[in-house]
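Visitor: Taken in sequence, the protein lines are chains C and F.
Those letters in the first sequence? Residues 1 to 195, per full-length UniProt numbering, in order.
Those letters in the second sequence? Residues 1 to 195, per full-length UniProt numbering, in order.
Hints may contain errors.
It does not matter which identical chain is meant; a pair holds if it fits inside one copy or across any two.
Quick list of in silico lysine to any residue cross-link-like pairs, SDA-like style, CA-CA up to 20 angstroms [unchecked claim]:
1. K27 <-> H125
2. K172 <-> E120
3. K98 <-> H170
4. K172 <-> H125
5. K98 <-> A36
6. K172 <-> M121
7. K65 <-> E84
8. K98 <-> L116
9. K98 <-> E10
10. K65 <-> S29
11. K9 <-> R95
12. K147 <-> L191
13. K172 <-> T92
14. K147 <-> S195
15. K172 <-> T124
16. K98 <-> D131
17. K172 <-> A109
18. K172 <-> N123
19. K172 <-> N127
20. K147 <-> L7
21. K98 <-> V169
22. K172 <-> L116
23. K147 <-> E84
Quick caveat, the hints were computed from the structure, so don't treat them as lab data.
There are 2 protein chains.
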Amino acid sequence: MSNDLPLTKEAILDAAEQVLRRYGPDKTSVVDVARALQVSHGTLYRHFASKASLREAVTERWLHKIILDPLEAIAVQSGGSATERLRTWFETLIRTKKAYAINDSEMFAMYAAVTLDAVEMINTHVNQLIDQIARIIEEGMKSQEFKSFEPIVTARAIFIATSRFHHPVHAKEWSSDTIEQEFASVWDLLLYGIS
Amino acid sequence: MSNDLPLTKEAILDAAEQVLRRYGPDKTSVVDVARALQVSHGTLYRHFASKASLREAVTERWLHKIILDPLEAIAVQSGGSATERLRTWFETLIRTKKAYAINDSEMFAMYAAVTLDAVEMINTHVNQLIDQIARIIEEGMKSQEFKSFEPIVTARAIFIATSRFHHPVHAKEWSSDTIEQEFASVWDLLLYGIS
Numbered sequence: 001m002s003n004d005l006p007l008t009k010e011a012i013l014d015a016a017e018q019v020l021r022r023y024g025p026d027k028t029s030v031v032d033v034a035r036a037l038q039v040s041h042g043t044l045y046r047h048f049a050s051k052a053s054l055r056e057a058v059t060e061r062w063l064h065k066i067i068l069d070p071l072e073a074i075a076v077q078s079g080g081s082a083t084e085r086l087r088t089w090f091e092t093l094i095r096t097k098k099a100y101a102i103n104d105s106e107m108f109a110m111y112a113a114v115t116l117d118a119v120e121m122i123n124t125h126v127n128q129l130i131d132q133i134a135r136i137i138e139e140g141m142k143s144q145e146f147k148s149f150e151p152i153v154t155a156r157a158i159f160i161a162t163s164r165f166h167h168p169v170h171a172k173e174w175s176s177d178t179i180e181q182e183f184a185s186v187w188d189l190l191l192y193g194i195s
Numbered sequence: 001m002s003n004d005l006p007l008t009k010e011a012i013l014d015a016a017e018q019v020l021r022r023y024g025p026d027k028t029s030v031v032d033v034a035r036a037l038q039v040s041h042g043t044l045y046r047h048f049a050s051k052a053s054l055r056e057a058v059t060e061r062w063l064h065k066i067i068l069d070p071l072e073a074i075a076v077q078s079g080g081s082a083t084e085r086l087r088t089w090f091e092t093l094i095r096t097k098k099a100y101a102i103n104d105s106e107m108f109a110m111y112a113a114v115t116l117d118a119v120e121m122i123n124t125h126v127n128q129l130i131d132q133i134a135r136i137i138e139e140g141m142k143s144q145e146f147k148s149f150e151p152i153v154t155a156r157a158i159f160i161a162t163s164r165f166h167h168p169v170h171a172k173e174w175s176s177d178t179i180e181q182e183f184a185s186v187w188d189l190l191l192y193g194i195s
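Bound conformation, chain C alone (with noise of 0.2 angstroms):
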C-alpha cells in the first residue's frame, strides 16, 4: 500500500492483524504497523494513539467477525424450536472458541489477555451476546416452549452458567475428555429451569 491512498481503519486493522500475527502482541509496536503500511508512525498515531488500543480494535473486529456475526445468523432464524436453536446458538460459541483456542492460538491468546484489559469493549461484545441469548429467550417465551421470565436477565445468568465452556480463562479445560458430557448436565440442569 502506498501512503497516497487514504488509510482507512480497515486498512490499518488488516495490517496491523498481520504484524500482531507475525511478531506477536508482546513484540509489536505501532511503528511496525506504520512500516507495514508504509506510513509515518505519526500518522498511524492519529488514528490509534497506543499499541493497547490498536490490539484491542483488532480482537474486537476478530470478535465480531468469528463469533458475533455468525451467532447473529442462528439468533434471527425464526419459525422451528427456540430451544433447538439456543442449543445451537451455545454449541456454535463453544465450538468456535474451542477451534480458534487451538487452531489460531496467537490471536486467542491475544484475545485472552485483551479480555482482562479492555473491560468496556469486551462489556460491550458480551452484552451483544447476551441480547442475542435474550431474542431467543423472546420467541421460547412466545411459543411456551419457556416459562415467562425477564429475557435479559435470564439470557445473562444461562450465559454466566456456562462460561466453564466459552470464557477463554477457562481454555485448558475444553480438551479435557469429560468436558461434553460436563456441558450436557449443565445444559440439562438449565432447561429444567427454563422449560
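Starting from the structure of chain C, add chain F where the hints point.
Guide: Below, chain F without anything else, positioned relative to chain C:
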C-alpha cells in the same frame, strides 16, 4: 525445632507454609524449608521429592482447612431446608474464596497456580466438594424439596454452572459491582431447575 525430633508431615508443612509465605512460591526451594527445619535437605527430600510436590501438599492442606472442613460442617447438618443449606454451602464457598483472594493473596496465588499443575490433587478436592453438594441434594430429594435426579451428576452440574463465582481463574471478577446480583440470577435459574 531440632533435628533430633522425628520429622512429622505436619511439621514439614508448617515450616513450608511459613517459608512459602515469606519468600513466595517462585523463590522458595526445598533447601530453604530444610534450613527452616534445621534438617539436611537430604532428609527433607525423602519426604518431598520436589518443590512442586511440597507446594502441592501445602496447598492441599490449606484447601482442607479453609474450604473443605467448614463446608463439611454445613453438609452434615440435618433437618431444616435442604434448599437453604445448599445456598448456605455455596455462599460460604464463594465468600471464603473471595476473602482469601483479598486477605491471603500469597496463598491464594499459589493455590491458583497449583490448580493448573496439580490436576489430580485438584480433581480430588473438587470431587470431595461435589460429594458434599450431592449429600445435600439427596436430603432435598428425600424431603421432596428437589425433583429426582442422579445426585452426583446434578451436584457436578451446579458446581460447574457456578464456576464464575468460585473458580480461581475468575478471581478478578469477584470485586465487580454486579457479581452478587449475577450470582442471585444464576442461583434462581439453577433452583428452578432442581426444585
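Visitor: For each hint, tell me whether it holds in the structure or not.
Guide: Hints and how they fare:
1. K27 <-> H125: Classified as neither; 26 angstroms inside a copy, 39 angstroms across copies.
2. K172 <-> E120: between (25 angstroms within a copy, 15 angstroms between copies)
3. K98 <-> H170: Answer is both; intra-copy 10 angstroms and inter-copy 19 angstroms each pass.
4. K172 <-> H125: between (22 angstroms within a copy, 18 angstroms between copies)
5. K98 <-> A36: For K98 and A36, the Cα distance exceeds 20 angstroms both inside one copy (31 angstroms) and across copies (46 angstroms).
6. K172 <-> M121: Between copies, since 17 angstroms is at most 20 angstroms while 24 angstroms is not.
7. K65 <-> E84: neither (23 angstroms within a copy, 44 angstroms between copies)
8. K98 <-> L116: Intra 19 angstroms, inter 18 angstroms, cutoff 20 angstroms: intra and inter.
9. K98 <-> E10: neither (26 angstroms within a copy, 42 angstroms between copies)
10. K65 <-> S29: Intra 24 angstroms, inter 47 angstroms, cutoff 20 angstroms: neither.
11. K9 <-> R95: For K9 and R95, neither the intra-copy (30 angstroms) nor the inter-copy (45 angstroms) Cα distance is at most 20 angstroms.
12. K147 <-> L191: Cα proximity of K147 and L191: in one copy and across copies (10 angstroms, 14 angstroms).
13. K172 <-> T92: So K172 and T92 pass the 20 angstroms test inside one copy only (18 angstroms; across, 27 angstroms).
14. K147 <-> S195: both (6 angstroms within a copy, 14 angstroms between copies)
15. K172 <-> T124: between (25 angstroms within a copy, 18 angstroms between copies)
16. K98 <-> D131: Answer is neither: 22 angstroms inside a copy and 29 angstroms across each miss the 20 angstroms cutoff.
17. K172 <-> A109: Answer is both; intra-copy 12 angstroms and inter-copy 18 angstroms each pass.
18. K172 <-> N123: between (23 angstroms within a copy, 14 angstroms between copies)
19. K172 <-> N127: Classified as between: cross-chain Cα gap 19 angstroms, same-chain 25 angstroms, threshold 20 angstroms.
20. K147 <-> L7: neither (51 angstroms within a copy, 62 angstroms between copies)
21. K98 <-> V169: Both ways: K98 and V169 sit 12 angstroms apart in one copy and 18 angstroms across, limit 20 angstroms.
22. K172 <-> L116: both (17 angstroms within a copy, 9 angstroms between copies)
23. K147 <-> E84: For K147 and E84, only the intra-copy Cα distance (16 angstroms) is at most 20 angstroms; the inter-copy one is 24 angstroms.
Of the hints listed earlier, those the structure fails to meet are numbers 1, 5, 7, 9, 10, 11, 16 and 20, in rising order.
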